[in-house]
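*Asks:* Chain residues, written in single-letter form:
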Amino acid sequence: MNAIVSSELLAKPDTTLNPPGLEPAPGKRIGDVILAVNNITLRFGGVKALTDISFDVREHEIRSIIGPNGAGKSSMLNCINGVYQPQEGSITLRGQSFRNMNPRQVAEAGVARTFQNLALFKGMSVLDNIMTGRNLRMKSNLFQQALRLGPALREEVEHRAVVERIIDFLEIQPWRKTPVGRLPYGLQKRVDLGRALAMEPSLLLLDEPMAGMNVEEKQDMCRFILDVNDEFGTTIVLIEHDMGVVMDISDRVVVLDYGKKIGDGPPDEVRRNEDVIRAYLGTSH
Amino acid sequence: MGFFLETLTGGLMAGMLYALIALGFVLIYKASGVFNFAQGAMVLFAALAMARFAEWLPKLLGFESRLLANLLAFVCALAVMAAVAWAIERLVLGKLVNQEGITLLMATLGITYFLDGFGQTLFGSDIYKIDVGMPKDPIFVLESFFEGGVLLNKEDLYAALIAAALVAVLSLFFQKTGTGRALRAVADDHQAAQSIGIPLSRIWIIVWSVAGFVALVAGIIWGSKLGVQFSLSLVALKALPVVILGGLTSVPGAILGGLIIGVGEKLSEVYIGPLLGGGIEIWFAYVLALLFLLVRPQGLFGEKIIDRV
Amino acid sequence: MLYRENGQFKASYHADQQIFPIAQDRWAILALITLAFVAVPALAPEYLFRAVLIPFLILALAALGLNILVGYCGQISLGTGAFMAVGAYAAYNFHVRFEGMPLLLSLLGGGLSATAVGVLFGIPSLRIKGLYLAVATLAAQFFVDWACLRLGWVTNGSSSGSVSVAGLNLFGLPLETPVQKYLFCLALLSLFALLAKNLVRGAIGREWMAIRDMDVAASVIGIRPVYAKLSAFAVSSFIVGVAGALWGFVHLGSWEPAAFNIDRSFQLLFMVIIGGLGSIMGSFFGAAFIVVLPIVLTNTLPALGALVGLNVDTAVLSHLEFMIFGGLIVFFLIVEPHGIARLWSTAKEKLRLWPFPH
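Those protein sequences? They're chains B, Y and D, same order as listed. Residue numbers 1 to 285, in the numbering used here, belong to the letters of the first sequence in order. Residue numbers 286 to 594, in the numbering used here, belong to the letters of the second sequence in order. Residue numbers 595 to 952, in the numbering used here, belong to the letters of the third sequence in order.
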């Protein structure tokens with residue numbers, strides 16, 4: 001397997017104090033379950049996208065969902081997000097069930113996501129795109145905004161400061177006023193991440209954040225993801241196709257194939273799982 | 286009861302005429318995904334051409350026969366509509382490939398204004414007559430059931446028959462011929478169709494010409510009944526609710542939608558109108574379409590629109 | 595050489611967020627405002643006010659309102675004339691039925707009434723978009739056309755829908771002469787432009803643009819599509835309603851429903867498209883273009899026609915106007931779909947580098 005993250009992260013930490021089966025990154029403390037997916041079944045007409053999927057996500061961990069194309073990974077994220085409503089099963093976030101929540105309620109609960117096909121707002125600049133992520137926290141009403149005095153102005157400046165910190169973090173300062181439609185793909189992906197980060201989520205869903213990137217861009221993106229997880233403690237659910245990345249940065253992995261779960265556990269375990277190998281390679285070693 | 290039936294049939298006939306105009310909409314939308322606001326202007330333009338050619342050609346070429354005049358005028362008007370189709374494709378559509386729907390919509394709005402002005406510049410702006418020999422006398426049916434019988438307009442009956450024939454021909458065209466299949470592919474995805482070698486510009490010229498032909502037929506029928514005048518263009522705006530009701534991609538839907546709108550308008554004007562102050566015909570069709578849009582946006586026969594993230 | 599930002603550093607986010615961050619722009623706007631408020635009233639002939647300036651100001655206001663809905667929020671509307679009509683007739687009712695009602699309150703009442711109708715007819719936008727929404731807004735247009743003609747209480751009993759107002763005054767100051775009317779409209783337009791600019795660069799503006807660009811993603815961010823779309827209809831209709839009231843009260847004096855028919859709706863839509871969707875300045879450009887064009891044509895076409903031996907009378911003139919209008923729409927959509935505003939900003943970008951090519 002390719003190792004594309006820096007070697008210091010490959011150093012094995014002292015695991016004697018941690019529960020067996022979990023290998024956190026150096027210094028990370030994996031917490032309790034914050035997201036529990038229970039027996040989710042999702043159908044589109046006659047097609048079953050997801051069949052009886054159950055897994056959990058622990059606080060502060062990096063959980064990857066992998067599987068061949070069409071396995072239902074994005075659909076799973078869409079269910080967590082409230083974009084799709086599964087026909088059966090339930091999803092609980094910190095004990096609070098949200099099977100029928102709409103996307104806004106999910107966002108208010110502290111869940112943010114990026115999109116596989118980049119759902120950026122093409123007509124706006126980088127700065128404005130990331131500022132939309134702050135909209136949840138902006139409280140001033142229409143009239144205050146129209147006059148732009150006092151509270152509305154203060155709010156704009158405060159949130160601008162937060163967004164600037166995110167822009168610094170993602171190293172996209174030179175392009176803050178550029179319309180995102182004009183940026184190269186790799187930078188657009190960073191803006192997508194920035195917008196999700198602006199929501200200050202406790203749970204971040206990343207849908208193929210490294211698709212279409214070259215090696216340097218992937219290294220950068222990995223670094224950002226790991227930094228987000230380290231510095232802000234954000235729990236991350238990651239869909240990714242690059243096995244090197246998945247195996248290196250994940251704490252635990254869920255494997256889907258044709259809408260069913262065929263593997264669940266730490267990367268090493270999943271790597272050796274025969275069903276997984278069969279699904280990907282078609283043969284068993 | 287007899288009066289009700291008369292209103293009903295009157296509405297059906299009016300609906301048939303709306304449907305004829307709506308047919309042009311559906312054709313263009315099916316084949317190019319363009320919502321052609323200019324269909325009404327095309328009907329007016331075609332009718333003007335027909336009326337004036339029928340007037341000028343006998344004088345120009347020196348013959349008396351009404352039938353010959355009409356035939357020649359029809360052919361000339363058809364040629365003119367094909368030329369208009371070619372010009373629209375060349376100058377407008379070809380340059381706007383792959384733009385968003387709203388841009389194309391605005392472009393057809395611009396074409397509407399242009400055609401309105403151009404038509405009247407070329408052909409004049411008085412009210413003109415079209416006389417293709419449609420019988421104008423009414424007939425009375427069901428005289429044994431109702432006293433005095435139910436009044437039907439022969440002209441409207443002929444119009445209905447022509448419309449039905451048109452629909453049959455067009456449906457066959459779309460379903461059975463290679464060109465029809467190509468048209469459906471183009472409507473689905475311009476770029477994909479281009480990439481498999483479908484000649485986009487030629488297809489569009491064909492479609493707009495066919496729509497022009499439909500517009501000509503509609504223009505002749507309308508013009509024969511009402512006289513060719515500018516307000517024809519505005520009446521054609523009524524066809525929009527028709528296609529909403531029937532479904533933007535359905536030829537039979539255009540007919541059914543037209544009938545529903547026609548009947549609904551007449552009945553509501555007669556029975557509900559007096560309660561509200563009269564004249565509700567100007568908005569009934571649109572409000573009906575609005576209600577439909579809230580409940581079933583794809584219309585009666587249209588395809589469901591799915592948004593994917 | 596002239597248009598450089600060298601040395602203009604911003605030390606705070608507040609400074610960076612100004613409407614005109616470049617000093618040269620600020621000077622230019624100041625000059626423009628001085629010109630508009632001081633020079634024009636002193637120098638322009640009276641005919642210019644009545645025929646060009648006042649219509650321009652009021653239609654620019656309406657275009658501003660429409661641009662918020664179509665350009666910033668992406669909701670197409672073909673019923674703008676209807677909202678202008680609601681504003682005009684509602685303001686008329688306030689003015690006529692309540693003795694001594696101040697003008698500003700009547701205008702406000704007109705705007706708020708238009709807001710109510712706008713939000714009502716904006717509800718379909720929650721379920722449908724694009725051309726379907728266009729047809730729904732046509733329902734608003736024709737329904738209001740009919741209501742102003744047939745519903746007695748709308749026109750205070752007038753049988754043909756035509757009404758008139760006279761003797762306008764603003765807190766005792768008379769609004770009789772063209773100059774007074776011009777300054778009144780100019781003041782209102784400037785105020786609304788500022789408020790609108792604040793809205794579109796604030797949180798709600800970003801919500802509108804998010805809905806326009808990708809509404810599914812917007813809801814995942816936490817934006818409520820219902821609130822965003824209806825607020826766009828509300829704000830837009832309010833501005834359009836006030837513009838309609840101004841059109842009736844200040845420009846026309848007496849009017850009938852036909853003043854706000856579907857041609858008016860198309861005219862405003864053309865202004866917004868040619869001027870630039872999603873741009874406050876674009877509304878002004880578009881309004882200027884559409885107001886000035888017929889006058890230019892009326893004055894030049896007969897002369898041009900005479901050159902080629904054509905007799906261009908009024909009927910032919912109006913047909914030619916239609917043709918040129920339609921042709922220009924198509925031309926703009928092909929060459930610069932983002933309108934004059936984009937041409938303007940491209941020119942400014944080139945100016946920043948001038949005299950260097952890049």
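Quick caveat, the hints were computed from the structure, so don't treat them as lab data. Idealized CB from N, CA, C, for every residue including glycine. Some hints could be false.
[What the hints assert, rightly or not] Here are the simulated DSSO-like pairs of lysine-lysine, each with C-alpha atoms no more than 30 Å apart in a straight line:
id, chain 1, residue 1, chain 2, residue 2
1, B, K122, Y, K380
2, B, K260, D, K791
3, B, K139, D, K944
4, B, K177, B, K139
[As the list claims (entries may be wrong)] Quick list of the computed label-pair ranges, beta carbon to beta carbon:
id, chain 1, residue 1, chain 2, residue 2, range
5, Y, P559, B, K122, 37 to 43 Å
6, B, Q96, D, V690, 52 to 58 Å
7, D, H608, B, P184, 30 to 36 Å
8, B, V215, Y, G379, 40 to 46 Å
9, D, M695, Y, P559, 44 to 50 Å
10, D, S912, Y, G318, 52 to 58 Å
11, Y, L442, D, I889, 47 to 53 Å
12, D, L904, Y, Q514, 22 to 28 Å
13, B, E164, D, R691, 50 to 56 Å
14, B, R154, D, R946, 40 to 46 Å
15, Y, I557, B, N38, 52 to 58 Å
*Asks:* Confirm or reject each hint.
*Replies:* The hints, checked one at a time:
no.	hint	result
1	B:K122 to Y:K380	22 Å, holds
2	B:K260 to D:K791	51 Å, violated
3	B:K139 to D:K944	39 Å, violated
4	B:K177 to B:K139	24 Å, holds
5	Y:P559 to B:K122: 37 to 43 Å	52 Å, violated
6	B:Q96 to D:V690: 52 to 58 Å	57 Å, holds
7	D:H608 to B:P184: 30 to 36 Å	31 Å, holds
8	B:V215 to Y:G379: 40 to 46 Å	42 Å, holds
9	D:M695 to Y:P559: 44 to 50 Å	35 Å, violated
10	D:S912 to Y:G318: 52 to 58 Å	33 Å, violated
11	Y:L442 to D:I889: 47 to 53 Å	51 Å, holds
12	D:L904 to Y:Q514: 22 to 28 Å	24 Å, holds
13	B:E164 to D:R691: 50 to 56 Å	54 Å, holds
14	B:R154 to D:R946: 40 to 46 Å	32 Å, violated
15	Y:I557 to B:N38: 52 to 58 Å	54 Å, holds
Violation of the numbered hints given earlier is confined to hints 2, 3, 5, 9, 10, 14; the remaining hints are satisfied by the structure.
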